[in-house]
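S.K.: Sequence:
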Amino acid sequence: SAVRVEKFEIGTILRMQMFKGILVLLFGILLCTEIAQSHEEVKKEEENLSSEEEENPEANSIQGRKKPKSKEEAEAEHKTLYPEEYSDGVQGDMDLTPTELAELKNIAAQDRELNANFGKYRAVALNSAYCAHYCWKYYGTGIVYYYVPDDFRGRTAEEGNGTNTPLQVLRAAMDEIEEAACINFIEYKSGDTPRPYYVLVEYGTGCSAELGLRYKSGQKLSLGQYCTLKIGTAIHEVLHTLGFYHEHTREDRETSIDLHLENVDAAKLNNFEKVSDVYVDRSDDYDCGSVMHYSPISFSKDKLTPVKTITGKTSACEQKMGQRDGLSASDKIKLVQTYGARSCRPR
1 SAVRVEKFEI GTILRMQMFK GILVLLFGIL LCTEIAQSHE EVKKEEENLS SEEEENPEAN
61 SIQGRKKPKS KEEAEAEHKT LYPEEYSDGV QGDMDLTPTE LAELKNIAAQ DRELNANFGK
121 YRAVALNSAY CAHYCWKYYG TGIVYYYVPD DFRGRTAEEG NGTNTPLQVL RAAMDEIEEA
181 ACINFIEYKS GDTPRPYYVL VEYGTGCSAE LGLRYKSGQK LSLGQYCTLK IGTAIHEVLH
241 TLGFYHEHTR EDRETSIDLH LENVDAAKLN NFEKVSDVYV DRSDDYDCGS VMHYSPISFS
301 KDKLTPVKTI TGKTSACEQK MGQRDGLSAS DKIKLVQTYG ARSCRPR
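Take the sequence shown: its position 46, counting from 1, is numbered 46 in UniProt numbering, and each next residue is one higher.
If you are wondering where the hints come from, they were derived from the structure by calculation, not from laboratory data.
Treat each hint with caution, since some may be false.
Unchecked claim - Straight-line distance between alpha carbons at most 27 Å, and here's what the computed DSSO-like set of lysine-lysine pairs gives:
(1) 79 / 67
(2) 268 / 220
(3) 332 / 313
(4) 332 / 274
(5) 320 / 268
(6) 137 / 69
(7) 79 / 220
(8) 137 / 220
(9) 79 / 301
(10) 308 / 69
(11) 137 / 79
(12) 274 / 301
(13) 313 / 268
(14) 69 / 79
(15) 274 / 79
(16) 69 / 301
(17) 308 / 79
(18) 137 / 189
(19) 332 / 220
(20) 320 / 301
(21) 220 / 189
(22) 313 / 137
(23) 67 / 313
(24) 69 / 220
Input sequences plus hints: build the corresponding full structure.
M.R.: Printed below as a string of structure tokens:
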């Protein structure tokens, strides 16, 4: 009897183990089938993308997957990606009067005569003489007061990037800059202690900013339609406020890029004038991936084909050119070199 019970228990255990084995085997088969299906789906997607790229060479470019059907449509699409190119300031989006531009050149020229060490450049930012006057150091290094009127504060997410309002995108841009260097953006509100110099944020007709601290009560920072669609565009304009120029206007640009001025809209040729090292410092390395760099088809007279106005000397350079995702590593270094490290004050 005891033997029969023992045999029964052994048989039961064997059957249970066999059942478990079958379950494991079935699970393995199902898992392998699912993986195979996933691989097949990925393969089909890759084949579809490859087919699409063959039909449309620009499918993988910053122009997007869907090729515009007309020059007008291509121009409109580019405006959503790079709205800063459609303002009427110096180099597109820098608000400088002729008098201010002449003043900038004069101050910097004097610095070159007086400073024997001038030429040891540090960033595509205002040089040491100009920065002494017009970098944000009036309230302490890197302290920037900004005022948000009700009109800008009341803008909706649809007027921003679809998810965030223009104000939320602006603040995210400021946060990214603050994380990189000794910069502190402080909102200036009605009823606060009066501040003689501050930035007035507007939902204007385009994207533009006055260059550096202009010693004005309410110097303008305009973030209008499409200007907060990408955080990088907002960062681009705020960096102008902090005194930064466009990367593609460096005197040493030929080391990394080639210009094709024959493809530039004749009325926009001035946007490719170099910013002389006489009054602008530069870093040792040109940065194609800077958020301050314009795109390969900036100011092109034909954005449908498209014909390029800027090409990189390397494919790596060209792939990064015109990104508006945020600060590049080099952008962060330039901010630190101009305003100091983030550790300058507790956050």
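S.K.: Taking the hints in turn, state whether each one holds.
M.R.: Going down the list of hints, with the structure as the test:
no., hint, result
1, 79 / 67, "holds (15 Å)"
2, 268 / 220, "holds (23 Å)"
3, 332 / 313, "holds (24 Å)"
4, 332 / 274, "holds (23 Å)"
5, 320 / 268, "holds (23 Å)"
6, 137 / 69, "violated (49 Å)"
7, 79 / 220, "holds (21 Å)"
8, 137 / 220, "holds (18 Å)"
9, 79 / 301, "holds (13 Å)"
10, 308 / 69, "holds (18 Å)"
11, 137 / 79, "violated (34 Å)"
12, 274 / 301, "holds (20 Å)"
13, 313 / 268, "holds (23 Å)"
14, 69 / 79, "holds (16 Å)"
15, 274 / 79, "holds (24 Å)"
16, 69 / 301, "holds (16 Å)"
17, 308 / 79, "holds (16 Å)"
18, 137 / 189, "holds (20 Å)"
19, 332 / 220, "holds (24 Å)"
20, 320 / 301, "holds (22 Å)"
21, 220 / 189, "holds (16 Å)"
22, 313 / 137, "violated (38 Å)"
23, 67 / 313, "holds (26 Å)"
24, 69 / 220, "violated (37 Å)"
Violation of the numbered hints given earlier is confined to hints 6, 11, 22 and 24; the remaining hints are satisfied by the structure.
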